[in-house]
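S.K.: Sequence:
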Amino acid sequence: MASSHGRVDQRFVDWMASLPASMHTIPLTNLAIPGSHDSFSFYIDEASPVGPEQPETVQNFVSVFGTVAKKLMRKWLATQTMNFTSQLESGIRFFDLRISTKPRDPDNELYFAHGLFSATVREGLEQISSFLSAHAREVVFLDFNHFYGVQNHHHEKLVAMLKEVFGDKLCPVVFAQEVTLQYLWEKEYQVLVFYHHPMALEVPFLWPGQMMPSPWANTTDPEKLVQFLQASLTGRRKKGSFFVSQVVLTPKASTVMKGVASGLRETITERYAPPTVHLQN
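By the count of UniProt numbering, the sequence shown reaches residue 281 at its end, each step adding exactly one.
Don't read these hints as lab results, they were simulated from the structure. Incorrect hints may have been included.
Now the in silico label distances, taken between C-beta atoms and shown as ranges [to be verified]:
(1) Pro103 to Leu31: 34 to 42 Å
(2) Trp216 to Ala134: 32 to 40 Å
(3) Asn30 to Glu186: 15 to 23 Å
(4) Asn30 to Ala134: 25 to 33 Å
(5) Gln227 to Gln10: 22 to 30 Å
(6) Gln182 to Pro103: 28 to 36 Å
Note that CB positions come from ideal geometry on N, CA and C, so glycine has one too.
Start from the sequences and build out the full structure, keeping to the hints where you can.
M.R.: Dropping the structure here:
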């Protein structure tokens with residue numbers, strides 16, 4: 001993994017390229033691909049407005065307590081400490097992406113968002129594209145699964161951006177079972193875009209969201225989380241599509257209130273999560 005000092009374990013940088021030949025023809029639906037949750041949240045801008053998806057209670061909380069409220073929110077919203085490049089160098093190949101417009105933004109930009117706004121979508125995509133250009137046998141899955149304040153013209157803008165940034169790296173939709181590393185390498189495809197919006201039906205390289213289901217355990221109990229993952233794993237494989245196993249503990253409102261000043265890492269990640277979770281196939 002990438003360390004806090006910037007050193008990278010080279011085993012993870014090109015791990016797909018390093019897989020044995022026997023795995024090159026296995027459908028990627030049958031492989032476990034490491035991914036990150038709210039992948040962009042390494043950069044949450046405390047100076048930004050509150051995201052449009054937040055309930056009125058949160059909006060009111062911030063309007064009363066201002067910057068202090070946003071600093072507390074950030075402790076619960078930032079689920080990652082690495083930027084896209086560092087995540088890629090550490091072996092992450094699936095990215096959970098949530099897109100929003102920003103109120104009264106004169107540039108009409110698209111941003112990553114999780115309660116507060118993060119970097120622009122273009123910045124993130126360009127980081128990913130730069131890595132892929134330097135590592136031609138690595139493949140990423142981009143899962144655009146939530147859209148906030150995004151209208152049709154914003155979707156068109158995002159599709160155009162994907163074309164501009166990734167170009168011929170984009171893999172068009174085919175039967176999921178056809179997608180192997182060998183297939184992608186032969187075609188020189190490196191990016192699969194999953195898009196949870198009807199726009200996916202209109203664009204050849206947008207894979208419909210139902211081809212990447214992501215069931216959510218919604219629990220703070222590690223045992224219940226493992227049980228949920230084990231129960232869903234077999235059924236998902238039989239459907240022949242890609243799917244996400246969310247190894248994520250989700251705080252309740254009461255959890256947040258009890259640990260409002262300590263934040264996500266101390267209250268959930270370090271206190272409740274077991275050191276390692278092993279899933280058996």
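S.K.: Is 22 to 30 Å a correct range for the gap between the Cβ atoms of glutamine 227 and glutamine 10?
M.R.: Violated, since glutamine 227 and glutamine 10 (Cβ atoms, about 36 Å apart) do not stay within the stated range.
S.K.: Kindly confirm whether 28 to 36 Å is satisfied by the beta carbon distance between glutamine 182 and proline 103.
M.R.: This hint is violated: roughly 46 Å between Cβ atoms.
S.K.: Is the hinted range of 25 to 33 Å satisfied by the C-beta distance from asparagine 30 to alanine 134?
M.R.: holds, 27 Å
S.K.: Please check whether tryptophan 216 and alanine 134 have a Cβ separation lying inside 32 to 40 Å.
M.R.: holds, 34 Å
S.K.: Can the suggested window of 34 to 42 Å be confirmed for the beta-carbon pair proline 103 and leucine 31?
M.R.: holds, 41 Å
S.K.: Just tell me: holds or violated, for the beta carbon distance of asparagine 30 and glutamate 186 against 15 to 23 Å?
M.R.: holds, 19 Å
This entry does not satisfy hints 5 and 6, going by the numbered hints stated previously.
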